[in-house]
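Let's have the full structure, built from the sequences with the hints guiding it.
Numbered according to the UniProt record's numbering, the sequence shown spans residues 1 to 168.
Any given hint could turn out to be false.
[To be verified] Once the Cα atoms are required to be at most 20 Å apart in a straight line, the calculated EDC-like pairs of lysine to aspartate or glutamate come out as:
(1) Lys148 <-> Asp138
(2) Lys135 <-> Glu60
(3) Lys52 <-> Asp82
(4) Lys46 <-> Glu87
(5) Lys50 <-> Glu89
(6) Lys28 <-> Asp3
(7) Lys135 <-> Glu147
(8) Lys52 <-> Glu89
(9) Lys50 <-> Asp82
(10) Lys135 <-> Asp100
(11) Lys137 <-> Glu89
(12) Lys135 <-> Asp103
(13) Lys50 <-> Asp3
(14) Lys137 <-> Glu147
(15) Lys46 <-> Asp3
(16) Lys145 <-> Glu155
What the hints contain is simulated information worked out from the structure, not anything from laboratory work.
Quick caveat, the model's predicted, so the values are computed rather than measured.
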Amino acid sequence: MDDNVVANFHLAMTNLVFSSVAKKKIAKDIWDAFIKLYEVKSLHTKIFLKRKLYTLRMGESTSVTDHINQLNTLFAQLSAVDFNIVENERAELLLQSLPDSYDQLIINITNNNIDGNLHFEDVAGAILEEESRRKNKDNRLENSKQEKALTMMRESSSGSQNHGRSKS
Numbered sequence: 001m002d003d004n005v006v007a008n009f010h011l012a013m014t015n016l017v018f019s020s021v022a023k024k025k026i027a028k029d030i031w032d033a034f035i036k037l038y039e040v041k042s043l044h045t046k047i048f049l050k051r052k053l054y055t056l057r058m059g060e061s062t063s064v065t066d067h068i069n070q071l072n073t074l075f076a077q078l079s080a081v082d083f084n085i086v087e088n089e090r091a092e093l094l095l096q097s098l099p100d101s102y103d104q105l106i107i108n109i110t111n112n113n114i115d116g117n118l119h120f121e122d123v124a125g126a127i128l129e130e131e132s133r134r135k136n137k138d139n140r141l142e143n144s145k146q147e148k149a150l151t152m153m154r155e156s157s158s159g160s161q162n163h164g165r166s167k168s
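Here it is in structure tokens:
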């Protein structure tokens, strides 16, 4: 059985990877070598992920859901390299990563927080509600503009029909 697994590993590897495990004859040894190669919990990896997390900023055109997913991915990657971020800090990182247009919401959330402990899920929910409110407002404004334009077109076309006829 182990020979089949080793053979399958060898078939699936590129030459560059194969050279790293060529002398290993047991599947577990090959697997452990893969872990050392690709799941490195190095200082470099931690610093790279931390920099990415602490400099992350949501763009105005980015959806809140996509941004929260990106943050959760970074949290999971950092957790995998033994760097865990506490709940309160996760919520704070989410708030600080929002664009300036969310400043009023940030003020409201922080001012209404009595115990000083923010919870990521609560903050994420409030931000998602705000995004939904903004989209609804934009839709209402767009519908209002379309109604005005339609009314003006109707008035314009009915007025031009009357002007084209001469009164005799």
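Each hint, compared with the structure:
no.	hint	verdict
1	Lys148 <-> Asp138	holds, 15 Å
2	Lys135 <-> Glu60	holds, 13 Å
3	Lys52 <-> Asp82	holds, 16 Å
4	Lys46 <-> Glu87	holds, 19 Å
5	Lys50 <-> Glu89	holds, 13 Å
6	Lys28 <-> Asp3	holds, 11 Å
7	Lys135 <-> Glu147	holds, 18 Å
8	Lys52 <-> Glu89	holds, 15 Å
9	Lys50 <-> Asp82	holds, 12 Å
10	Lys135 <-> Asp100	holds, 17 Å
11	Lys137 <-> Glu89	violated, 31 Å
12	Lys135 <-> Asp103	holds, 17 Å
13	Lys50 <-> Asp3	violated, 41 Å
14	Lys137 <-> Glu147	holds, 15 Å
15	Lys46 <-> Asp3	violated, 36 Å
16	Lys145 <-> Glu155	holds, 15 Å
Of the numbered hints given earlier, the model fails hints 11, 13, 15; all others are met.
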